[in-house]
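Protein chains: 2
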Amino acid sequence: MTKLLKGKPVADALSESIRNDVQHWQEKKIQPTLTLIRAGEKADDMAYERAIIKRCDSVGVKVISEVVPENISQDDFYKVLDRHNGDAGVHGILVFRPLPKHLKEEEVQYRIAPAKDVDGFHPVNAGKLLTGDPTAFAPCTPMAVMEILKHYEVTLSGKRALVLGRSMVVGKPVALLLLAENATVTVAHSRTQDLDQVASEADILVAAIGKSEFVKTNYIKPGAIVADVGINVDEDGRLKGDVEAAAAEDKAEAYTPVPGGVGSVTTAVLAKQVLKACALQNKQ
Amino acid sequence: MTKLLKGKPVADALSESIRNDVQHWQEKKIQPTLTLIRAGEKADDMAYERAIIKRCDSVGVKVISEVVPENISQDDFYKVLDRHNGDAGVHGILVFRPLPKHLKEEEVQYRIAPAKDVDGFHPVNAGKLLTGDPTAFAPCTPMAVMEILKHYEVTLSGKRALVLGRSMVVGKPVALLLLAENATVTVAHSRTQDLDQVASEADILVAAIGKSEFVKTNYIKPGAIVADVGINVDEDGRLKGDVEAAAAEDKAEAYTPVPGGVGSVTTAVLAKQVLKACALQNKQ
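These protein sequence lines map, in sequence, to chains Y and W.
Here the first sequence is numbered in my numbering, starting from 1006 and rising by one per residue.
Here the second sequence is numbered in my numbering, starting from 1006 and rising by one per residue.
Derived by calculation from the structure, the hints in this document are not laboratory data.
Remember, it's a predicted structure, so these values are computed and weren't measured experimentally.
Mixed in with the good hints, there may be bad ones.
Pairs of lysine-lysine residues, derived as DSS-like cross-links and limited to a Cα-Cα distance of at most 25 Å, are as follows [as the list claims (entries may be wrong)]:
no.: 1; chain 1: W; residue 1: Lys1109; chain 2: W; residue 2: Lys1008
no.: 2; chain 1: Y; residue 1: Lys1226; chain 2: Y; residue 2: Lys1034
no.: 3; chain 1: W; residue 1: Lys1034; chain 2: Y; residue 2: Lys1288
no.: 4; chain 1: Y; residue 1: Lys1281; chain 2: W; residue 2: Lys1109
no.: 5; chain 1: Y; residue 1: Lys1008; chain 2: Y; residue 2: Lys1281
no.: 6; chain 1: W; residue 1: Lys1034; chain 2: W; residue 2: Lys1067
no.: 7; chain 1: Y; residue 1: Lys1008; chain 2: Y; residue 2: Lys1034
no.: 8; chain 1: Y; residue 1: Lys1155; chain 2: Y; residue 2: Lys1281
no.: 9; chain 1: W; residue 1: Lys1067; chain 2: Y; residue 2: Lys1109
no.: 10; chain 1: Y; residue 1: Lys1109; chain 2: W; residue 2: Lys1008
no.: 11; chain 1: Y; residue 1: Lys1011; chain 2: Y; residue 2: Lys1245
no.: 12; chain 1: Y; residue 1: Lys1011; chain 2: Y; residue 2: Lys1084
no.: 13; chain 1: Y; residue 1: Lys1226; chain 2: W; residue 2: Lys1047
no.: 14; chain 1: Y; residue 1: Lys1084; chain 2: Y; residue 2: Lys1067
no.: 15; chain 1: Y; residue 1: Lys1067; chain 2: Y; residue 2: Lys1221
Cβ pair distances, simulated, as ranges [said to hold, decoys possible]:
no.: 16; chain 1: W; residue 1: Asp1201; chain 2: Y; residue 2: Gly1094; range: 40 to 46 Å
no.: 17; chain 1: W; residue 1: Arg1116; chain 2: Y; residue 2: Pro1103; range: 31 to 37 Å
no.: 18; chain 1: Y; residue 1: Asn1076; chain 2: W; residue 2: Lys1059; range: 53 to 59 Å
no.: 19; chain 1: Y; residue 1: Asp1138; chain 2: W; residue 2: Lys1033; range: 38 to 44 Å
no.: 20; chain 1: W; residue 1: Arg1116; chain 2: Y; residue 2: Glu1111; range: 48 to 54 Å
no.: 21; chain 1: Y; residue 1: Glu1158; chain 2: W; residue 2: His1107; range: 28 to 34 Å
Glycine residues also receive a C-beta, built at the ideal position from the N, C-alpha and C atoms.
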């Protein structure tokens, strides 16, 4: 029977471990703390913020919510960011993206302190990810995919993994993380020829192409493990993944559902990255 | 008939174009300049240095050779590096690696000015390469592979490319550069299962595994384009690639010879990167 790789047990296990870590730091009079910086009142940002706060509350990570006007100047934005960069009581900083258009994201990304950059925004963290530096922070969604594969003990070493999509928030980082686990990694995308055939060679298929139910039965190798990163809303307002659920059910050995899969692990990963930042900043 | 993708015509064409660029800058009273920093007297470094100086002389790029004692302290090494970082007359800096063991390469890499880092040493340049930032500097060898493929008008978009090897000096950067050209890119390595079969699916095969004549006839798809990055010295002192020449001759449509292939393009690529650095530093 096809197995569902649900996110909740993964998030629960991570949360349990994070709670222990938080306690360890609190005993040393250090309170792991995350600053969230949000410009304006975008519904997506606010929903993610609520989910982060809920998760962090449940594990004992303190959250500082810094809300600035949507029309804030870049200099004023830097003042807010710099204050948290320089605050030794803040271990992690997440800036909600995309930023309002007048703020130059390609400049702002260089302003966040790399050591507090728990969402992998600064290019130096991308560089560390590429070089395999263990102090790297990768974005939370690719890390969530890896946590799910690890939790369910999916063998990666030597296996063929296919990443569908090459964005900086999912495709490229997850490809590097799979490579670091000794998978043989292929990155495919909209320009790939014979995409269904290429995909169907993969033991592990990570779909992050952002197209609702794009992956059909002919894309999936029988017995493959499928991680679906897509979050698409259909015309009836229902959430759909990048993978047709019936296809995964039919062909895969196991797959992450949408909703209830990858997306439900990201806030736990974020809290875990705050603890990693805290540990790196308080090394003896 | 199997075609040889020789490096010399590529290096010659690059050199011609660089000479024009140098002239353009000289007319503006700017002399494109590269600093080479070498610690000690390693034969490999000195051979590479001679080749760089010869190429740069031929295209009009000025070279400053900075030779420091092999036992130099990290602080003194930084003083030398900082002087060239801060010298507006120096556009590019190459530090010969590996550095002597007592110098911490993982710290030194952060000290080179990213804008002058023409050999892609600083992690921020790795990050820019990953994000696709056009101001990135990639290491010279992967860039040489790309220049050869471009010169001989090899179609990359939509094609399957296999990179054998995942080092930071060749494998990972060349994979990203191929991906940026819309190839479907697979990175394979020593842990890959059924490596010959995986390799033989590739329209473009880049061998950078550092094992003499590792790629045999069963690794090569009939009609593939093969780029051989290997430089291995056999027991008779002859240079051998990572690909068995007879296998490439037998199966490939075209391949880069060793010697006379990728290796003969790297110094021209380095000179080209100095001109890129010069242009970025003198933007109007």
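Could you work out which of the previously given hints the structure breaks and list their numbers from low to high? Hints 1, 2, 3, 5, 7, 9, 10, 12, 13, 15, 16, 20 and 21 contradicted; others consistent.
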